[in-house]
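A.B. asks: Listed below, chain by chain, are the residues.
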Amino acid sequence: MTNHWIDIKNADAILIMGSNPAENHPISFKWVLRAKDAGGVVIHVDPRFTRTSTQADIYAPLRSGSDLGFLGGMIRYILANNLYFKDYVVNYTNASFIVGDKYAFSDGLFSGFNEDKRAYDKSSWSFVKDGRGVVKKDPSLTDPRCVFQLMRAHYDRYDVKKVSEICGTPEADLLKVFQSFAGTGTPEKSGTILYAMGQTQHTVGVQNIRAMTLVQMLLGNIGVAGGGINALRGESNVQGSTDQGLLFNSLPGYLPAPPASMPDLKTYNDKTTPVSKDPRSANWWSNRPKYIASLLKAMYPGQELEEAYAYLPKLDDGKDYSWLSLFDVMHNGGFKGFFAWGQNPAASGANANKTREALAKLDWMVNVNLFENETGSFWKGPGMDPAKIKTEVFFLPCCVSIEKEGSVSNSGRWMQWRYAGPKPMGQSKPDGDIIYELFLKIRALYAKEGGAFEGPIKNLNWDVASGNAYDPHKAARLINGFFLKEKTIGDKTYKPGDPAPAFALLQADGSTCSGNWIYCQSYTDKNMAARRDRTQTPMQEKIGLYPSWSWAWPVNRRIIYNRASVDPSGKPYQPDKPVIEWAGDKWTGDIPDGPWPPMADVEKGRYPFIMNAEGFGQFFGPGRNDGPFPEYYEPLECPVAQHPFSKRLHNPTALVFKGPREERAVCDPRFPFVCSTYRVTEHWQTGVMTRYTPWLLEAEPQMFVEVSTELARLRGFKPGEKLIVESARGKLWAACIITERIKPFTVMGQTVHQVGIPWHFGWVYPKDGGDSANLLTSSVGDPNTGIPETKAFMVNVRKA
Amino acid sequence: MTIERRQFLKLSAATAAAAFSGLGFDLKPAFAKAELAKLTRTRQTTSVCCYCSVGCGLIVNTAEGGNGRAVNVEGDPDHPINEGSLCPKGASIWQLTENDKRLTSVMYRAPYSDKWEEKPWDWALDRIARKVKDTRDATFEVKNAKDQVVNRVAGMASVGSAAMDNEECWIYQSMLRAMGLTYIEHQARI
Amino acid sequence: MSGKSFFIDLSRCTACRGCQVACKQWKQKPAEKTANTGSHQNPPDLSAATLKLVRFKETAVGGDFKWLFFPDQCRHCLDSPCKLASDPVIQDAIVQDPDTGAVVFTEKTKGLDINLVRPVCPYDIPRVDPVTKIMYKCDMCLDRVRSGMLPACVKTCPTGAMNFGDRQDVLAMAAKRLGALAPRYPQAALIDARDVRAVYLTLYPVRQYHAFVQAAEAAPGNFSRRSALALLGGNAPRTRT
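Residue numbers (the working numbering), protein chains in the order written: chain A, 1 to 800; chain B, 801 to 990; chain C, 991 to 1231.
Next comes chain A alone, as it looks inside the complex (with noise of 0.2 Å):
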């Protein structure tokens, strides 16, 4: 999120699409009823009318997969109507910037696209440079090559209608949420999306959330209270996970992972610090040598940066290792050994048949959970035969959130401690401990036998226990950091051993270590993320700011690019609901993104997208890797042939595979269907929790499908009979829910049935749940981050 739960409540209007925040975030309601209550409209876009949908002023429905559409005619409406905040526009994103003259774009495929590789070469979407270096802009907007000039040229083909024939929404509909959006594009007034996997989980998912980010800027709504992009996100701390960098490309605090052709550190930073001409944006990024060396040293205090450097393992250039690669070449036989720890991969990843087929390849395989679940257990799982699977399992059991002491991150950034209640059950443990003993276990094999590569075995810090047991408060001061040397900055001298206040402070050098940059400030003099301090200013209050409540990153920053929320002399745009103000020395308020004074000191000032080396917020977004401009294209499987805005069916970049679990149906008269996946309230992911929690088992004890009145008279369904609902992939039994909330869409002159199920079964407990729905959707990707498409896959449903 950009902004907070609570900030919800600011808002003018709240466009709620591809999420179902009543039913998977219902807190999230006290405060958009709030919000409504001021006077607030609330805006639902889904395939489905949900439990959401009930509290909303306009509902309007559209086909799985469409989104795109949707929002390339929301862009086409407010540049056609003017209803754009052209000060925040001009000022503050990059729709003045000239685009070099080798960008095209062309039915469907951006310039530069290599249809063997199935990718851009993304050279030509580029900027024009001026004598210093610095990107030309056109602030009166109206050279052909402005940035905006193409925006407006490129969703001009989006009109009404065809986004009606394509999405099923009609006409009227997309008019009303068009109009009512679109209003928050005065500079008072301040409008929030709220987004999910609904967004995300497509071939086209960053292209739907930059589209989003389109429509945000061109209303000004970025930065503002009641405003933003907010990803609310699944679980408890994926928000935290991610930034601890549990992902194959990213260390922690976003510092991209090595490739191999970056051997040493010195070229490390050479190619990922961005560099800018223009004295007046702060590109925060250039300080990246300090966070990977501050990184580097909470990994290895004793050894040389150079050195630690070369501990990292180094991915191949250009290759993927996300997820569903990560299946793959498991399906291939690549791995011996896997760690399923505090996920169950056979349930939640796409192609579940995959998946399982997968892990019987293993030679070993931990396992480390609550309960019992369908990973541990796939060597007993449908289909399985035990005798022929040789994957050894070890299941060890962790222990509840509330039996054990640590931080968390939630979806508005906030790290919130945990203490322990209960002690751990039985021999359960908290997984803190589980990894310290574990490596204790391999590093002490490596001291007496050696082996590969010893060094960042032997020297990697695991100073995190205290006596023999792990310890979270040692694990959060070297994620926050400390020097390693004494240092004087300004006037102020730090011992070896004191905390590192705040990332500016961190150091190239090595006389510091940080774990995680973006964390530093959040375990100083005391642990920040423990505080309970309701104390609010007057300005703050007005706005739901609670500065000294647990903590934020960046250094307790609560509404990011917050720069964007004052005109360039400091102004408030809303000053009924500020987020800061220049108080003519200093900023009030929220903490601002950087120190420095607003816009209109021209020495000083600097551009509010500080992330962004350029500082400016981007329409023409040049480092994705399927176009600068989303654009839209039909989910890999589909029930049309063709679309309105081009020739090209698919995006041409989605991340596929080969073999014989990758068959996919499009416009197949076997899978007629529309399909979605999606949660219940009561129940959570997989269901490996929920499903043991009696209480929620018995509010939806099992799985089932949701169909229209309409396709239920169509094929003769009863509620509550056994249905089959059947992939290209897989099959897997259903209760019927026959549900006036689910419409058959017109799409392109024809009439589509749409049906949704949800992923929290399987077939390990209870045993008349059912399966997983993953059993049905496809190993296809988006082309940037890997993420699966469950969410628009094509299916047939039948008696059983």
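Treat the hints with caution; some may be incorrect.
What the hints assert, rightly or not - Some chain C residues near chain A, calculated using beta-carbon distances under 8 Å:
(1) 1048
(2) 1149
(3) 1150
Stated by the list, open to error - Heads up, simulated EDC-like pairs for lysine to aspartate or glutamate below, C-alpha to C-alpha not over 20 Å straight-line:
(4) A:319 <-> B:941
(5) C:1019 <-> B:941
(6) A:117 <-> A:320
(7) A:441 <-> B:900
(8) A:388 <-> B:914
(9) B:901 <-> A:372
(10) B:943 <-> A:264
(11) C:1023 <-> A:437
(12) C:1047 <-> A:23
(13) B:919 <-> A:437
(14) A:423 <-> B:864
Unchecked claim - Label pairs and their in silico Cβ distance ranges:
(15) A:667 <-> B:949: 36 to 42 Å
(16) C:1034 <-> B:921: 40 to 46 Å
(17) C:1077 <-> B:837: 56 to 62 Å
Honestly, the hints are just simulated from the structure, not real lab data.
Nothing here was measured: the structure is a model prediction, and the numbers come from that model.
The beta carbon of each residue, even a glycine, is placed where N, CA and C say it ideally should be.
Since chain A is already given, all that's left is putting chains B and C on it; use the hints.
C.D. replies: For chains B and C alone, kept in the frame of chain A given last:
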């Protein structure tokens, strides 16, 4: 300093017995059972819900004597986001915790076996460490096909976990990268 | 005696079922074995183990589709027919707390016939444990309320659908909320506010939600239920306020 509302809960729990006898209620036997007694000899800790990412505050009451188990979990009224409220998942964390279906000892499935066997921690961690080392040593790649130095292990992968605390995630990534894994993924990807 | 009351604002209910589960948690009520029979409503009905149940209903109001939710529970009638009907059989098997007004079933209800007690309830609330024969329903979390805590269902409610407090304050809150909603929802009403301590605010005609929302609107032909309050001494008009 303001008195936190949750302290009121604590106070009221502690004084429940007094309230029952002192306020002149006409106590009929059936509702004089004083279920609040379950909160009287308990200590309170704060936590944060383990489910979605809203980050709702919890108050956990744990028995000070007896088996030392949790007796009640509900919303933290001081918490500025949830203000004491909880959805059904949050409201059932007590049952998630005090749950007889939890696996609370190490289980092992031998190759080609059709059953789980209970094992001691030390045995399991020793054996896993052995597997890790053998796999790492056997599949370690100093260089890739292009002859670039990569110092990585090819034969192991990891998924997980957003269910762990920040500190645990950090030391986990630290361990995995020290071992040389590149296939490091988790819930954020799916 | 003014006592306590609930205000249940259906305009804010999102059917998250926090109340349904929080009730079970505080009361340590067991889960029932359920199946998906084509509805999200589960358990299918109130029972000795389920004292608070969110009912789900898909319906149409004036041709517009609505998905309505009804978090059902005992209304804690000021003059409760269940008590009036059962006292002559077993005195104080059902009691009323003089301070809060909570109507509470005691263990002595095992001597009562559910076929006497349930039909006289205008809201169809009482249920019996098939094994112990003790009758159960919401007791207003009297133990919590006596200690200054909110009932579990109210405490947990995220949206402000469930409210609780001194009766006068609660009625004032309900009236204010009705006033705010009335322009947009001309059919909005407070149900049986003068007679009960769990006052529901409905946006649409009561039968759209559930058969037993309002005393006077009980199922046709069910004479005892429809007229229970009148027969058993209630004298207030049974119309919406």
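A.B. asks: A separate judgement is required for each hint: does it hold in the structure or not?
C.D. replies: Against the structure, the hints:
no.	hint	verdict
1	1048	holds, 5 Å
2	1149	holds, 5 Å
3	1150	holds, 7 Å
4	A:319 <-> B:941	holds, 16 Å
5	C:1019 <-> B:941	violated, 57 Å
6	A:117 <-> A:320	holds, 13 Å
7	A:441 <-> B:900	violated, 31 Å
8	A:388 <-> B:914	holds, 10 Å
9	B:901 <-> A:372	holds, 8 Å
10	B:943 <-> A:264	holds, 14 Å
11	C:1023 <-> A:437	violated, 41 Å
12	C:1047 <-> A:23	holds, 16 Å
13	B:919 <-> A:437	holds, 16 Å
14	A:423 <-> B:864	holds, 11 Å
15	A:667 <-> B:949: 36 to 42 Å	violated, 49 Å
16	C:1034 <-> B:921: 40 to 46 Å	holds, 45 Å
17	C:1077 <-> B:837: 56 to 62 Å	violated, 29 Å
When each numbered hint is compared with the structure, violations occur for hints 5, 7, 11, 15, 17.
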